[in-house]
Amino acid sequence: MSGGQSNTPTEEELRAMSTEQAMIAGADADDVHVVHRRARFPVPGTKAEKRAERTVAGLFVLAALAGVAFIVAFIVVPYKYKTPSHSQNFRFYTPILGGLLGIMLAALGIGAILWAKWLMPEEELVQERHDEVQPGEPEEQIMTGATLLSGVNDTGLPRRSLLVRTLGLAGGAVATVPLVALVGALLKKPGKILFHTLYRPDSKYPNGIPIVYSDGRRVSPNDIEAGGLATVFPGVPGGVKDASSPTLLIRLRPGQGTLVKARKGQSSWGWEDYLAFSKICTHAGCPASLYEQQTTRLLCPCHQSQFEVLKDAKPVFGPATRSLPKLKLAVEVVDGVQYFVAPQDFQEPIGPGFWERG
Amino acid sequence: MSDEFDDDELGFGPAVSATGVDPEPTPRKAPKKKRPAARAPRGWRRRLASGLMLVTVLAGVAGTYTLFASSSGANDTRTSKEDVEAGRQLFNTSCITCHGANLQGVKDRGPSLIGVGSASVYFQVSTGRMPAAGQSANEPRKSAKFDEQQIDQLGAYIESLGNGPQIPQGDLRVDDSQLAEGGELFRLNCASCHGTTGKGAPLSAGKTAPGLRSATDKQIYAAMLSGPENMPVFGDNQLTPEQKKSILTYVQTLEASKDPGGNGLDRIGPVSEGIVIWVLGIGVLMIVILWIGAKT
Amino acid sequence: MTTTEAPSRRAAKPRTIAGKSALWVDERFRVAGPLRKQLNKVFPDHWSFMMGEIALYSFIILILTGTYLSFFFDASMGDVIYNGSYTPLKGVEMSRAYASTLNISFDVRGGLVIRQIHHWAALMFVAAMLVHMLRIFFTGAFRKPREVNWLIGLTLLVLGVIEGFVGYSLPDDLLSGTGFRIADSIILSIPVIGTWTAFLVFGGPFPGSLIIGRLYIVHVLLIPGILAALIGAHLAIMVRQKHTDFPGPGKTEHTVVGHRLFPKFAAQATGFFFIVFGMLAALGGLAQINPVWLFGPYNPAQVSSGSQPDWYMGLLDGSTRLFPSWEIRLWGHTVPPLFWPTVVLPGILIGLAAAYPFLEARLTKDRARHNLLQRPRDVPVRTSLGAMACTFCAVLFLSGGNDLIAKAFDISLNAMTWGGRIATLVLPPLAYVITYRLCLGLQRHDREVLEHGVETGIIKRLPTGEFIEVHQPLGPVDDHGHGVLSYAGAAVPKRMNRLGKGRLAHLRGFFYPVKEKPEIAEKLAALEEAEHADAEPGTERQVELSD
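Protein chains in written order, with the numbering used here: chain V, 944 to 1301; chain X, -17 to 278; chain U, 600 to 1146.
Mixed in with the good hints there might be a few duds.
Unchecked claim - In the DSS-like style, the derived pairs of lysine-lysine whose C-alpha atoms are separated by at most 27 angstroms in a straight line are:
#  : chain 1 : residue 1 : chain 2 : residue 2
1  : V       : K993      : U       : K863
2  : V       : K1207     : V       : K1135
3  : V       : K1204     : V       : K1147
4  : X       : K277      : U       : K689
5  : X       : K189      : V       : K1025
6  : X       : K200      : V       : K993
7  : U       : K689      : V       : K1025
8  : X       : K277      : U       : K636
9  : V       : K1135     : V       : K1204
10 : V       : K990      : U       : K743
11 : X       : K189      : X       : K277
12 : X       : K240      : X       : K200
13 : X       : K124      : V       : K1025
14 : U       : K743      : V       : K993
15 : U       : K636      : V       : K993
16 : U       : K743      : U       : K619
17 : V       : K993      : U       : K841
18 : V       : K1204     : V       : K1132
19 : X       : K200      : X       : K277
20 : U       : K743      : X       : K200
21 : U       : K1114     : V       : K990
22 : V       : K1269     : V       : K1135
23 : V       : K1131     : V       : K1207
24 : V       : K1207     : V       : K1132
To be verified - DEER-style ranges, computed between Cβ atoms:
#  : chain 1 : residue 1 : chain 2 : residue 2 : range
25 : X       : T222      : V       : N1150     : 21 to 29 angstroms
26 : V       : E1291     : U       : I836      : 50 to 58 angstroms
27 : V       : G1159     : X       : G87       : 53 to 61 angstroms
Since the hints were derived computationally from the structure, they do not count as laboratory data.
Remember, it's a predicted structure, so these values are computed and weren't measured experimentally.
C-beta atoms are modelled at their ideal positions from N, C-alpha and C, and glycine is treated no differently.
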């Protein structure tokens, strides 16, 4: 029995009661006691009550009107994008729809709340929590405990160690097998993939992988002005889209070339005033291409790592710890025009660090 | 060899010589009128006829040229000597202190301007960056000190002493079919500093890549071409003039397009959206909660 | 009691439709008793208990709008040439995911407003969960017996953040794709298993062609399913254990005081749902969010300056920007600097949060059940620790946007980074000390008002010439005029307008008072007299003190 008190009214008594009294009897049966309950407008016919009711009704009408307006606007207002040389009226479509939807929903919500606040009786009730140990509960605990224990004893598991162990084995298998099937299917061996890019030497290009712009045109040294920067890619199939291959080709300003302090063994990797580095930041993989041509700083916009180009893209500020890998540049002449090629791949993994990087 | 076609008689000597020195002493000009009268009157009618024909032909050519010359308001960088001279005057008043009398630059004050081209001049002066108010990490945009004509004169002067890149004439926009290419190039070359929405960004140690909202077509073109301050230089072989035009058309289209989703929140991105959800969203809802929970 | 009704309604066979339907249901399921028990459930009505509701309603709105979006979104990384209405991208090659997002935004009628509502609701969901969690923390609602609910709630928060990250990455635009790249790098940075895990998740090196499709299933099926189940458990536990409440009149460890589920609480909850929905709908229409068409499709060679993730990931972005360039390189292996701020730090934060209820119980040796809440000022150590944690997180959040702040206020980017590093270490302890002192001060003020009464602001001049301020005591006073009430954990009224009683005939009307008809005004006055006669005498006596 859920009631704390044992004097729940009988069926006849309840049938004789008014609705209010029966409700209170029910509350008592649920251990909820009415402390205070008063209608908002005990005297019928007050202006205040009419006013409250009209306000709530008005809000509901507003909601309905907003809904109708929404449907009309949805169908009628133009919404297709047009370039600025045409009317930009489409910009009103979404705001109108959202605004009307907002009015409709909010009016309904405010109306419901005002109804509860102004028109429903004010009441204060107290409910017993019954969260301490109730009478009868220790008995429940003992009986349930005994049931569980008896059930376990029935299985015989405490005595049958062989079954326990073999069950453990089988259970372990059942748990592990789906995991292995799923994870095993998903697994892909990283191998040496992270150590190469598409600048990997290819016999089809004996002089080196051609270097191209994003539209596939080959890059010529004359293209780039002093103080210029271009994003270039390996000119092999898939080279422009590959995530590890974007490269920065920088042409230093006159006079900056002599200031270059290259990394060990890499001083000959540039070509005249040109330097090429991997564009992928060695911190978290964003393209680090904010190039300040006068201060020769390269800034990555994601976490503000800064690389000094004259020191072979050594990190000088921010969280990055490794220089941007340098790409060795060479030039081949085709039909009398010079074009850049990459005679070898980057000599270290590009991009962010990982465990096996070394 | 005949008398009739004496250069001096017909006044074919140049009005102003290339060196600025008057080739004929002034008294020579005065007898020009008298001489035909002093000589035998038998040739004067022919000379008059020749003179009239000359004037007519010249007027006709001049008129025809004027008709066909582009009058789009674009300033002819094949400017006249007056422009160069006026530019020199302006330079000597406003720029010489930091850039030197021969554009060679002054150490620790201003770089050399030899070979920077009128495009660079146009960018720096029309955005008001130059004349600079003082030395700083980078010069901010401010109201331009010189008007369009003066800027062209300055540009002409700089060109005359070192050539350099120039902004092409005429309309710099392309049509809508090339917008997509401009967008792709913008995102690859420009967005890392200026932002995909053109808002600009800070660079290292106090410098900034400015936002693009106030930039005009010519300024954007000039910036790409001349690589002002720390911006890289995008030569015409790397980004062709057509590509540059498609980029600036894309930028200006973006700036002029209205946001379809309501108020653009300055197109800043998740940071402004986060501020809105906390201040407007949670803030307003907290007020609503306080209202609901309040006892009447 | 105010209403009486004729008893004829209690006839044996119901005659109204409602009655007949109720009988139909009950004949099959026998729910009359349990149903009434639920309808009579009492809910405490403090305003701070409604913040969890915001999260719940946001979740529902996310499900509704998300279902709509799933009818149009194509979670494929296959390439397609865009040919929709948005001219600046016409002819550009992009993934189908991006193209379908553009389609929703520009070519589906009303698609953009639903998409924006969905995204705003996601931001609201996490924000509401955070605010709710802070309320739970600062009022001690996580103590026994509610530790499990705290853990469930923490899991909901973490899952919500992951769900949001995955959700805004689905359109495969340049901004979220950059975030994906960083996520890949984060996974790579994990020692020993990093590369294998990254290759498992992406199906190979970044970006592969599978990730969007995989994350789509995570976003629309796996995580929403887990969220729905956990939310159900969270609410069920709350219903079973009943809601906590602040101490107050009639409120003890064993009672709940408030109003009932039906009809009042249900009406208010429904109304609040519509208000939250309305607010999100208004935001979805009036404030543009995540304009992916401006960012362009994802391309690993491109990036935008000012790239930030959605606000709730800003903590990790900030910690990554601030963490110094410390890398461990030993015996052919590397632990990159990205590992500590993005894997270890959130692990520590979540671990601390999860362990906190148990840590506090052990340190305070408190093993009792608690159904009453504590005002934050009454537990200064916990409140100060919470303030410290909030300050730490706030510095990291702000540092996530340090490039925008640098540009807006013309501060050097380098200075912002260094400032953030120093602030992370210096500001939290400072916040602890300040909060602690504030709590103690508020506690003292409570007790002072209990002892000396509320300051009425009335100055009186005594015949002897001295001026005194009149104080209104809150209860009985002893011989010296000091209040004998002790602090009981409830809010102490400190202003005169908190002591008033609601009146039947209190001022109504917005612009001018409502004047009732004379007969009605008389009846109201009579009722009020009757009620006043019931009230306890002597509660509003004024006592002068010579303060």
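Hints, one by one, checked against the model:
{"no.": "1", "hint": "K993(V) x K863(U)", "verdict": "holds (20 angstroms)"}
{"no.": "2", "hint": "K1207(V) x K1135(V)", "verdict": "holds (24 angstroms)"}
{"no.": "3", "hint": "K1204(V) x K1147(V)", "verdict": "violated (34 angstroms)"}
{"no.": "4", "hint": "K277(X) x K689(U)", "verdict": "violated (58 angstroms)"}
{"no.": "5", "hint": "K189(X) x K1025(V)", "verdict": "violated (36 angstroms)"}
{"no.": "6", "hint": "K200(X) x K993(V)", "verdict": "violated (68 angstroms)"}
{"no.": "7", "hint": "K689(U) x K1025(V)", "verdict": "holds (12 angstroms)"}
{"no.": "8", "hint": "K277(X) x K636(U)", "verdict": "holds (26 angstroms)"}
{"no.": "9", "hint": "K1135(V) x K1204(V)", "verdict": "violated (30 angstroms)"}
{"no.": "10", "hint": "K990(V) x K743(U)", "verdict": "violated (50 angstroms)"}
{"no.": "11", "hint": "K189(X) x K277(X)", "verdict": "violated (55 angstroms)"}
{"no.": "12", "hint": "K240(X) x K200(X)", "verdict": "holds (22 angstroms)"}
{"no.": "13", "hint": "K124(X) x K1025(V)", "verdict": "violated (33 angstroms)"}
{"no.": "14", "hint": "K743(U) x K993(V)", "verdict": "violated (48 angstroms)"}
{"no.": "15", "hint": "K636(U) x K993(V)", "verdict": "violated (34 angstroms)"}
{"no.": "16", "hint": "K743(U) x K619(U)", "verdict": "violated (44 angstroms)"}
{"no.": "17", "hint": "K993(V) x K841(U)", "verdict": "violated (37 angstroms)"}
{"no.": "18", "hint": "K1204(V) x K1132(V)", "verdict": "violated (38 angstroms)"}
{"no.": "19", "hint": "K200(X) x K277(X)", "verdict": "violated (64 angstroms)"}
{"no.": "20", "hint": "K743(U) x K200(X)", "verdict": "violated (70 angstroms)"}
{"no.": "21", "hint": "K1114(U) x K990(V)", "verdict": "holds (8 angstroms)"}
{"no.": "22", "hint": "K1269(V) x K1135(V)", "verdict": "holds (19 angstroms)"}
{"no.": "23", "hint": "K1131(V) x K1207(V)", "verdict": "violated (35 angstroms)"}
{"no.": "24", "hint": "K1207(V) x K1132(V)", "verdict": "violated (32 angstroms)"}
{"no.": "25", "hint": "T222(X) x N1150(V): 21 to 29 angstroms", "verdict": "holds (27 angstroms)"}
{"no.": "26", "hint": "E1291(V) x I836(U): 50 to 58 angstroms", "verdict": "holds (54 angstroms)"}
{"no.": "27", "hint": "G1159(V) x G87(X): 53 to 61 angstroms", "verdict": "violated (40 angstroms)"}
Hints 3, 4, 5, 6, 9, 10, 11, 13, 14, 15, 16, 17, 18, 19, 20, 23, 24 and 27 from the list above are not met by this structure, while the remaining hints are.
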